[in-house]
Amino acid sequence: MLNKLQDLSAAECVHVLREMPLSVSEKRQIRALVFCETVQPLSVNRAMCCHQFKNGFLKVLCGYGEVSQQKSIQLWQGVLKNISAHFGTGVLSYFIFLRRLLHYNILLFLITGLFLVLPQISNPPLKSSKNKKEDSDDFWMLTGMGILTDSVMFYGHYTNESCKAEMKTFPENYNIPLAYIFTIGVGMFITCVMLVYSMSKSDGKSFRVFKTSGNLALKVFCSWDFKVSKKHSVKLQSVNICTQLKEMLSELSCEKEKRNLSSTLGWLSLHFLVWSICLACMAACVLAVCCLHSYLEPGSSKLANSFQKPVGLLTLPLVVSCVSHLLPGFFDMISSVEHYNSPSTRIYVSIARNLLLKGCIFGALCYYWLKKVSVGKDGQTTWQCWETLVGQELYRLVLIDLLFAMTYIILAEFLWGLCIRNITLRRKKLEFDIARDVLELIYGQTLVWFGVLFSPLLPVVQIGKLLVLFYLKKTSLMMNFQPPRKHWRATQMSTFFIKILFFPSFTGALACVIYAMLRVKPSSDCGPFSNVTNMLLLGKEWIMGLGKSNPNMFWLSWAYDHLVDNPMFLFITAGLFLSIIYVQMQVLDGQKMVVARLQEQIDNDHGIFVTDLNPCLARSDVHNYFEKFGTITECIETVAKLLTRSFKEDKTKVSSDAVILVAEMLKVFVEEATRRAVKQADSEDCDTIDIEHFEKILPQLDCRDTVAYPNYSGHKPLETIVD
Amino acid sequence: MDLFAQKKIQSTEPILIPHGELTFLTKQEILLAHKIFSELQGRENGPYSARVTMEKILTLPELKSNPFRKRICHVFSTSDMKDGSLSFEDFLDLLSAFSDSATLEIKSHYAFRIFDFDDDGTLDSRDLEKLVNCLTGETDDTRLTAEEMRQLISNILEESDIDKDGTVNLSEFQHVISRSPDFVR
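From first to last, the protein sequence lines stand for chains A and B.
Heads up, the final residue of the first sequence is numbered 723 in full-length UniProt numbering, and it's a clean run with no missing numbers.
Heads up, the final residue of the second sequence is numbered 185 in full-length UniProt numbering, and it's a clean run with no missing numbers.
Bear in mind the hints are in silico, worked out from the structure with no lab data behind them.
Some clues are possibly wrong.
To be clear about the criterion: a stretch of chain B counts as covered by chain A if any three or more of its residues have a C-beta under 8 Å from a C-beta of chain A, and this derived list gives those stretches [claimed, not checked]:
no.: 1; region: 64-73
no.: 2; region: 83-94
no.: 3; region: 101-113
no.: 4; region: 121-133
no.: 5; region: 142-152
Here are the simulated EDC-like pairs of lysine to aspartate or glutamate, each with C-alpha atoms no more than 20 Å apart in a straight line [said to hold, decoys possible]:
no.: 6; chain 1: A; residue 1: Lys219; chain 2: B; residue 2: Glu147
no.: 7; chain 1: B; residue 1: Lys107; chain 2: A; residue 2: Glu671
no.: 8; chain 1: B; residue 1: Lys70; chain 2: B; residue 2: Glu147
no.: 9; chain 1: A; residue 1: Lys219; chain 2: B; residue 2: Glu148
no.: 10; chain 1: B; residue 1: Lys82; chain 2: B; residue 2: Glu138
no.: 11; chain 1: B; residue 1: Lys164; chain 2: B; residue 2: Asp120
Beta carbons: idealized from backbone N, C-alpha and C, even for Gly.
Model the full assembly from the supplied sequences, consistent with the hints where possible.
What follows is the structure in C-alpha cells.
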C-alpha cells in the first residue's frame with residue numbers, strides 16, 4: 001500500500017489517505033513515511049481569522065440538533081411532529097388532512113370575500129319599503145335567523161340594485177349577480193384543480209413505496225439521526241422509530257388462513273347479516289330526515305312561540321349530527337363479530353359503510369332542498385326567499401355539527417377516558433379511530449362546498465370549526481389516547497382519503513351546485529337573480545350583450561355560442577380527453593410491469609451468473625447450492641483491487657454489485673476446481689492433491705464447452721460429486 | 001474566539017496542519033475542536049497526545065443523550081487499555097467521521113463498527129438485538145416484544161445476509177446502505 005501511495009502525487013495521496021477508514025494517528029504515520037517529512041514548526045505569521053464561526057462544525061457542536069426549535073415552515077409543524085412521534089403516521093394523517101381542508105377553506109373565503117362580500121358591504125342595498133318582518137331572535141348566532149337573515153351571510157342580502165356609493169372603492173357598475181356566478185364558479189374551479197393536483201402528487205408518493213418488505217434492514221441501519229441531541233428529541237425519535245418498526249412488522253405478519261366450505265358459508269352469512277342491518281339503519285335515517293323536514297316546515301306558523309321556534313329549527317341539525325356521529329360507531333360495534341383477513345380490509349369496509357350513510361343523508365337533504373323547498377307545494381312558492389332558508393339550514397348544520405363534536409369529545413373522550421383509566425387496572429387508554437374522524441371532516445366539507453352558493457360566508461364558519469376541532473382533538477389525543485396497536489401505512493390511506501374528498505364529496509357538491517344554478521328557478525323577491533329563470537342564464541345574456549355592445553369583445557360571444565353552448569364540440573373534446581387518459585393508463589401499466597420484472601431480476605441476479613456458467617444447472621439447484629455453501633466470500637476488497645488493477649483506464653469504475661457477482665463467480669470456480677481435483681486425485685489413488693491434478697481438470701472448467709460436463713445431470717446438487 | 005486564544009493556537013498550529021489534510025474537517029473546525037478538547041482536559045494547552053476519559057467525553061451535550069455514546073467512544077478510542085478514552089486525534093477522527101463531507105465509505109465503516117457491539121467484525125443476531133433496543137429506547141412501552149424482535153431480526157438477516165451465514169459482515173452492510181436513497185446522518 002505504501003508503494004501505491006508513493007506512486008501518487010502529493011494531493012492524490014492525501015486524498016486517498018483521507019478516505020481510508022483508519023485513525024488519524026495511523027494516517028499521520030503513513031503520511032510521514034510516504035513523504036519522509038519531519039514535523040517542523042512553521043512561521044507564526046500564518047494568520048488565522050478566528051472571529052465569527054458560523055460553519056457547520058459550530059452548529060454540530062453547539063446544538064444544531066435542536067429539532068424542536070426549528071422555524072416552522074408550515075402551519076403547526078412542531079405540533080404535528082410531536083403527534084407523529086407519539087402516535088405514528090396514521091394519526092398524523094388525520095391532522096394533515098384537517099390542515100389541508102383549512103387551506104381550501106381559506107382560499108375559498110379569500111375569493112368570495114374579495115370579489116363578492118366586500119363589494120356588497122361597500123354598496124349596501126337600499127332599505128326598500130317591502131321590508132320583511134324581522135323577528136328579534138335571541139339565538140340568532142345559533143339559528144342564523146334574526147339579524148343574520150339579511151346580512152352578507154346569506155344569499156338574500158345580495159342584490160343587483162346599485163346605489164350611489166359613498167365610498168368609491170368599487171365602480172358603480174359592479175355587477176353583483178355576475179360577480180356571484182363568477183366567484184362561485186372560479187372558487188369551485190380552483191378547488192377542483194388543487195384537489196386533482198394533490199391527488200396525483202400523493203398517488204405518485206404512494207406508488208414509490210412499492211416494496212415494503214425490503215426496507216426493514218434499511219430502516220434499522222439508516223434511520224437514526226445522530227444530529228439530534230436534546231434528551232426529549234432523542235426520546236421522541238426512539239418512539240418514532242419504534243412505532244414505524246412495529247408498523248412494518250405488523251404489515252408483514254398478515255397471514256392468510258385457509259377456510260373450508262362450512263366456515264366460508266358461516267362467514268358469508270355473518271357478513272350478509274351485518275350489511276343488511278347497516279343498510280336498514282341507513283334507510284331509516286333517510287326516512288327520518290324526510291319526515292322531520294315535512295313536519296318542521298321552516299316557514300310554518302305552527303311554532304310561533306319564541307322559545308319553541310329555535311328548538312324546532314335546531315331539531316333537524318341535531319338529529320342529523322347524532323346520526324352521522326353515533327351510527328358509524330354502532331356499525332363498528334356490530335362488525336366486530338365479523339372476521340377479516342387483514343386490518344386494512346376491516347378499515348375499508350367500515351369506511352364504505354360510513355360513506356354510504358353520509359352520502360344518503362346528504363342526498364336526502366339536497367333532494368329536499370332543491371326539489372321541495374324551491375318549488376313549494378302545488379307549484380306555488382310558499383316560502384319567500386328559499387335560498388336564504390337553505391343557507392340558514394346549512395349554517396345550522398355546520399354549527400351544530402361543531403357543537404356536537406365538541407360535546408362528544410368532552411363526554412366520550414375526556415370523561416369516559418378518565419373513567420377507563422382509573423377503573424381498569426392496566427390504565428388502558430382509548431384508541432383513535434382515524435377513518436371515522438376523517439369521514440366526519442369530509443362530510444362537513446361537502447356541506448360547506450354545497451352551501452357556498454347560498455351562504456358565501458360559510459367558509460368562515462368552517463375555518464373557525466376546523467381550528468377549534470384541531471386544538472380540541474390534539475389536547476384530547478395527548479391526554480386520553482394511546483398509540484394505535486394496529487398500524488398501517490399512512491401514505492396509502494392519505495391518498496385514499498384525498499380521493500374520497502374529490503369523489504364523491506367534491507363532485508357531489510359540485511353536481512348539486514350546478515343543478516341548482518342551471519335548473520332551479522331563483523326566488524323572485526330577493527337575491528341578485530330575482531328576475532331570471534336560472535342563474536346561469538344571466539351569465540349567458542351578459543356575454544351576448546357584451547358581444548353586441550362592444551365590437552372588440554365579439555369573439556367572446558362567438559366563442560360562447562359555438563364552443564360552450566355547442567354540444568358537438570363538448571362531445572369531441574370529452575372524447576379526446578378520455579382517449580388521452582386511456583393511453584396514459586396503458587403506459588402506466590406497462591411501466592409497472594417493467595418495474596416488477598426488474599425487481600425479479602435483482603432478486604435472481606446471483607443465480608443468473610451461475611446458470612450462465614453451466615446451462616445444465618437448474619435454478620433450484622443453484623438456490624440449494626447457495627443456501628448450503630454460501631455465495632459470497634469476504635475478499636470483496638481483494639477482488640475489487642484485482643479488477644481495478646486490470647483496467648486499462650484509471651477512470652473505469654466497477655460497482656459494488658458487479659464486484660460481488662465476480663467474487664461469487666470466482667468462488668464457484670474455485671470450489672468446482674477443488675472438488676474436481678479431489679475427484680481426479682481419487683481416481684488416481686493419490687492421498688494428496690497436487691498441482692498436476694489441477695492442471696488436468698482445468699480444461700473441464702472452460703465454460704464455453706458445455707460437453708465438458710458429461711457426468712452432470714441437471715438435478716444433482718454439486719456436493720454429491722465429491723461423494 | 002478572542003485574541004487570547006488565538007495566541008495559544010498559533011503555537012500548536014504547525015502540528016495541526018497534517019490533520020487538516022487527513023480529516024474531513026476544515027482548519028477552523030480543528031481549532032475549535034482543540035479548544036473544546038482542552039476544556040475537557042481541564043488544562044489550557046496540554047500535549048495533545050494525552051487522553052480524556054470516557055466519562056468526561058460523555059458530558060458533551062451532543063453525546064449526552066445519544067444511545068450509542070458508549071459505542072462511539074469505544075470505536076474511536078485507540079487506547080491500549082480499551083477504556084474508551086480519547087486522545088485529541090481520536091476526537092478529530094470522531095468529528096471527521098460525523099461531518100457532512102465525509103464519504104459514504106467512511107461513514108458506513110464507522111457505523112458498522114459502532115453497531116458491532118461485541119467487536120467481532122460481524123453483526124450477529126445479538127448485535128442486532130442490542131442495536132434495535134438502542135434505537136427504540138429504554139422505556140418499556142417503546143421496546144419491541146420478544147416475538148416482534150425475533151421476527152425483525154430474521155427479516156433483517158433475510159434481506160441483508162447474502163451468504164446466509166447468520167451474520168451481516170461489512171460488505172453486506174455496505175451493500176444494504178448503498179441502496180438507501182437518503183443515507184444522511
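Status of the hints after comparison with the structure:
1. 64-73: holds (count 5)
2. 83-94: holds (count 5)
3. 101-113: holds (count 6)
4. 121-133: Holds: 3 residues of the region 121-133 of chain B have a Cβ under 8 Å from chain A.
5. 142-152: holds (count 6)
6. A:Lys219 x B:Glu147: 19 Å, holds
7. B:Lys107 x A:Glu671: Answer violated: Lys107 (chain B) to Glu671 (chain A) is near 34 Å, above 20 Å.
8. B:Lys70 x B:Glu147: Roughly 28 Å separates the two Cα atoms, so the pair is violated.
9. A:Lys219 x B:Glu148: Distance ~15 Å between Lys219 (chain A) and Glu148 (chain B) Cα, so the pair holds.
10. B:Lys82 x B:Glu138: Answer violated: Lys82 (chain B) to Glu138 (chain B) is near 26 Å, above 20 Å.
11. B:Lys164 x B:Asp120: At roughly 17 Å apart (the allowed maximum being 20 Å), Asp120 (chain B) and Lys164 (chain B) satisfy the hint.
Checked against the numbered hints above, the structure violates hints 7, 8 and 10; every other hint is satisfied.
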